[in-house]
Every structure is written in structure tokens, then in C-alpha cells.
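Knowing the structure of chain P, use the given hints to seat chain V on it.
Here is how the chains run, residue by residue.
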Amino acid sequence: MIQAATVSIVHDDARSAGRDAAQELLLELGAAPAAVLLFASARYDQAEVLAGFAGELPPSTKIVGCSSYAEINAEEALTGSVTAMGLRLTGVAFETFKIDGAGADSLAVGRAFGAQVKAFAPDLLLLFPDGLKMNGTQFLLGLQEVVGRALPIIGGMAADTGTFTGTFEYHGRELISGGAVGLGLKGRVQVVTAAKAGWLPVGARRTCTRVEGGKAILELDGRPALHLYKEYLGDRADEMPAVGIEFPLGIVGGVHGTQRLPEGEGLLLVRAVIGVDEERKALLCVGDVPAGAEVCMTRAGKEDLIQAADAAADAACAAMPEPALAFVFDCMGRKLVLGARYKDELKKSFALLRGVPTIGFYTYGELSPVQGVTMYHDETFTLALVKAG
Amino acid sequence: MRCDRCVLEREGGEGLSIEAFLEKLGACTACPLLESAETPEAVRALARRHKETARLVRKLGSKARQQQIDLGELTAEMQKYEARVAKLEAMHRASTRELQAQIELAMGQEAAMRAMSTPIIRVWEGVLALPVIGQLDRARAELILASLLTEIRDRGSSHAILDLTGVSEIDAATADHLLRISGAAQLLGTQVILTGLHGRVAQALVALDVDLSAVTAVGNVEDAIRFCMSARRRA
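These protein sequences, in sequence, are chains P and V. No gaps in the numbering here: position 376 of the first sequence is 376 in the numbering used here, and each next residue is one more. Numbers given in the numbering used here equal positions in the second sequence, counted from 1, plus 389.
The list that follows gives simulated cross-link-like pairs (lysine to aspartate or glutamate, EDC-like), each with its CA atoms no further than 20 Å apart: (1) P/Lys302 with V/Asp459; (2) V/Lys469 with P/Asp238; (3) V/Lys413 with P/Asp12; (4) V/Lys476 with P/Glu231; (5) V/Lys448 with P/Glu76; (6) V/Lys413 with P/Asp13; (7) V/Lys469 with P/Glu239; (8) P/Lys98 with P/Asp123; (9) V/Lys440 with P/Glu56; (10) V/Lys440 with P/Glu28; (11) V/Lys448 with P/Asp13; (12) V/Lys452 with P/Glu76; (13) V/Lys452 with P/Asp12; (14) P/Lys343 with V/Glu466; (15) V/Lys476 with P/Asp238; (16) V/Lys413 with V/Glu398; (17) P/Lys133 with P/Asp105; (18) V/Lys469 with P/Glu246; (19) V/Lys469 with P/Asp235; (20) V/Lys452 with P/Asp13; (21) P/Lys230 with P/Asp277.
In short, the hints are calculated from the structure, not lab data.
In isolation and in its complexed conformation, chain P is listed as follows (with noise of 0.2 Å):
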């Protein structure tokens, strides 16, 4: 059996909000969780938040979360707050797992932790790693190379508030910034996902002639990136590089396994654009975008955003009617796109979920399995359904 409880507390002084979702969360339960998911906004010192959110709970409640651009409650979408998510788990075992990877590969850091989640051996994975020092793709591929493509894995790179210069995790009551954080489920847990971006492919195919670290693009079919895509944007190019995140680029072909989407999924696997490199003409993405890839240019309407997240929640819902647990991992692109409109974006899944525990946050890249196997995406509406039997 599974039971949760979701609370969020928007405060003016870091510790204050930390420990008010903590008080709040043990009235919301009424006994100390076993664990807890926690995200915080990043405009909050993390440290403070933290300290004020543990020092409410037992020692032995384990913390697990990470810094985030926004965050997702049962009710709603709210910007700034401390948002926590208490579990008491009967009949479900669970374990934290933690990585320091700062500076190191991200594909030999994903192999590390995943010996971790191997020895485990969870029927689901709960992951939050660094959204600004981790490769997340690469990260991912380590960790499937060690536990296999199988393990349903569920979560999001932690984010900050749009600066994209720290983001933070949580472990217990350690704060790690580089690294991966994640919660193990094992036991009768069944899972259910929904991935959906709305972005429509617009224009020519272009090839990944030169990519650096996997996240600089600097030629697109021999010619600099930069030149290309601010042809593309056309009277909009002055806003770069702030423009890019409205117009990300999709992964249309020229790479496999867990970096192109089959065809018919109907799901484009997109990749932001959050910086460029005037000097070097390039394109700087949050995501993995390999050299050969073949990328197009994309758009997408707020309406299309819109849509596509209820097409995850009607889908999703429609798979799993009676949820224990509800998790939604948006990205801070599409919440920049639909702007004030973005908590419509979550109407349809609190409609169909109707007081379901909900728990989620605005993330720097999504992890949602396609077809049974986990991918890092971007810019896109992910949900995920769980329940215990």
C-alpha cells in the first residue's frame, strides 16, 4: 500500500519554507514519512531550505529531490515554492541512491550509479540528475548499460531559475550540485508513462556536420549552426539567444537506440536551445544532440503545448483509472512558451486524476520511457502513474 500526501509553501525566507512544507507535510500525513521527493524553487537559498525542511522530519525519513524552475502539486502548477511529496510505503521497499559527478564523464558516472541501482534492483527509478553539469543522455545510457533498457526510470534534470548556473540535489540532508540523486520502488509497483511534446517539424533536414561535448552544434550540413537557425527564426533573431527555447530543434534521423524516437510514435524527441556561441557561430542545447543527427527546425502554438499534455494525461489515465501516485515532469521551455497560461497545461491531468497525490517540477530535460524504454527528452509534458498490487 501506498500512501502520500503533497504540500507546497511559497515563503519569503528560505529556512521559513523549508520547514513550513515540512510541518505541513506531517499534519497532511499525520506520522513522519518514509520518504520524501522535495523540490524546491531555485530562487530559495537550497542550503536554508533544506536544513529548515530535515530538521522537522526523523532522521530516518529519507530526502530525495533536487533544485527546480517552477513546481507541480496535486492542484495546480506555482512558481517559487517548496514543494514535497511524503511517502508511507507498506508492501513496497525502497532505497536513495547519490553520485557526486562533477567534472567527471557523464557516461562513466551513469555507469557508477547505476551499479548502485543494480544492487537495489527497483521496479522503478525515480532520477534527478544535474541539469547544468550532467549530460543527461549520456548519463542515462551509462546507467541503461549497467541495469538494463527495462527499468521503467521517471524524473527530470534539476533546474534552476533560468539562468543556467547551478542547479542542486538533495540527498537526505546532503546538498550535491554535479551530481544524481534518485529513489528506488521495488515490489508489486506498477508503472504507467505518458510523454508528449506538441512541437510540429518545420522545414529542411539538416545533418549535425560538427558537434562538440554532444551539446555545441556548430555546423549544420557544412555551414555554421548559428547562421542557419537565425535564418530560420527570420524578424525573431534579435532575441537570441532567449528566442531559442521557443524554437527547438527535433531529432528527426541519422542516430539510433535511445536518441531518435521510432517512427510512428508520434512524439518529436526535441532539444533546446538555451545559449549560442557568437564567436564560434554555434548552437549551445541543454540535451545530447550527436554528430549525424539529423535535426529540423520546429514550432509549436501554445495550443499545441496544450494539447499534447492532455493527450499524455488521456492516454495515461485512460491505461491506469485508479493511480496511487501521480508524477509530472515538465520542461521550463514550455513553461516559458505558454507564459501565463502555462498551469492550463495541467488542467486535463488534475481533471482525470482528481485529487490523486501529484508531485513534479519544471525540469532541464525529462526522462519518461517511449515504447518501454527510458529517454532523456526535452521540452516536453511527461507523466507518469503509480500503484501498488
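The following block gives chain V in isolation, referenced to the frame of chain P:
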């Protein structure tokens, strides 16, 4: 969690602000004062209500701060839209200026073409020639008429040769225009001579059943000049 120092017991606790008092009371989840059997039920009930109030205040405070953030985001969003609208307005102004310049250029070109389409040549003393090329519509006929009358008035011409070599088709409206030009010129004492009538044009004029008795027609411009010189000698 039991508070370090109970706000109900501490000396000077009443000096705390109501927010601080409620916050501290609300934080206490294991108060022996409330759990004790010796505590009167009324006090316990009051303390419970206080705790509920403290929780409510906490939630409302959180909600209010969240709405402040939402308002800030909406304001930022509005500013973003305003900046975008300002940019679109600037683009609209620029394209309007560009369009206006193109319109002015087109108008200038049209005026130049019109001027070129109604050249009036003085071929002899008192004799004007006006070659017409292409379609003769109402607007062009008005232009030709105005230009011809101005020239006649300024130069006192006795004859005007209207050369229709470049007109391949003629209809009732065109014929009417020609007659109006001719009639108006004659009122100023100028005889109009038509030249270069194509066979098809001549057939059309006849078929249109218009009165051509007041119009003089000769084969070509050379014949017309000869006609004019002869007429002047007779005069």
C-alpha cells in the same frame, strides 16, 4: 516537533506578534500541555483551534505570496507582450514607409508614362500632331483632350492631326471619345484630322453608326500635313 520554549508558558510570550505566536504554536506537534489529562477541555479546545488558525494563516500567507509571484509573472509577461507589440508596430511603420515610397514611385512612373502616352508635336506652324498608341480608354481620352486643348489655346493652332496608326481596335466608347475630342477642338477653331485608320478600325466606326461628318480623315500623317498646308493657303 516540541517547541524549545513553549509560547504558552514563556515569560513575555504575550509580547510576540500574533504571526510569530501563531507560527510557534502551530509548529508544536507534541505539546504536553494539551495532552495532559489535567488540562481543562476548554483550554485544550482553544489551543486546538489556535493551532488550526495558525495552520490556516500559514496556508493563506503561502497562497498570498504565491499570488504575488503570479502577479509578478503576469506583469513580466505583459511587458514581454508589450515589447513584442512595440516591435511589430515598428515593423509595421517601417513596412508602411517602404510601401508609401513604392506607391510614390509607382505614381511618378505612371505620371511619366501618361505624359509619354500623350505627346503633342508641333509639326508645322499652326499644325499639331498627336499619335495615339494602344487602348484609348476614358481616362486616357480625358488626358488627351485636356492636353490638346491646352496646346491649342497656348499656340493658337488651326489644325490638329490625331494619328491612330497605333490603335488596332476601336469600340463605341473609343469612338465617342474621339468625337468628343474632335468636337471640343473645333469649338476652339481647330480642325481635327484623323490619320492612320486601320481597315478594321474604319469598319468598326462605320458599324457603330456614329456621325463622322464633322471629322476629316486622310490616309497618313504626310497627307494630313499636306491637307493642312493646302487649307492654310486657301485661307
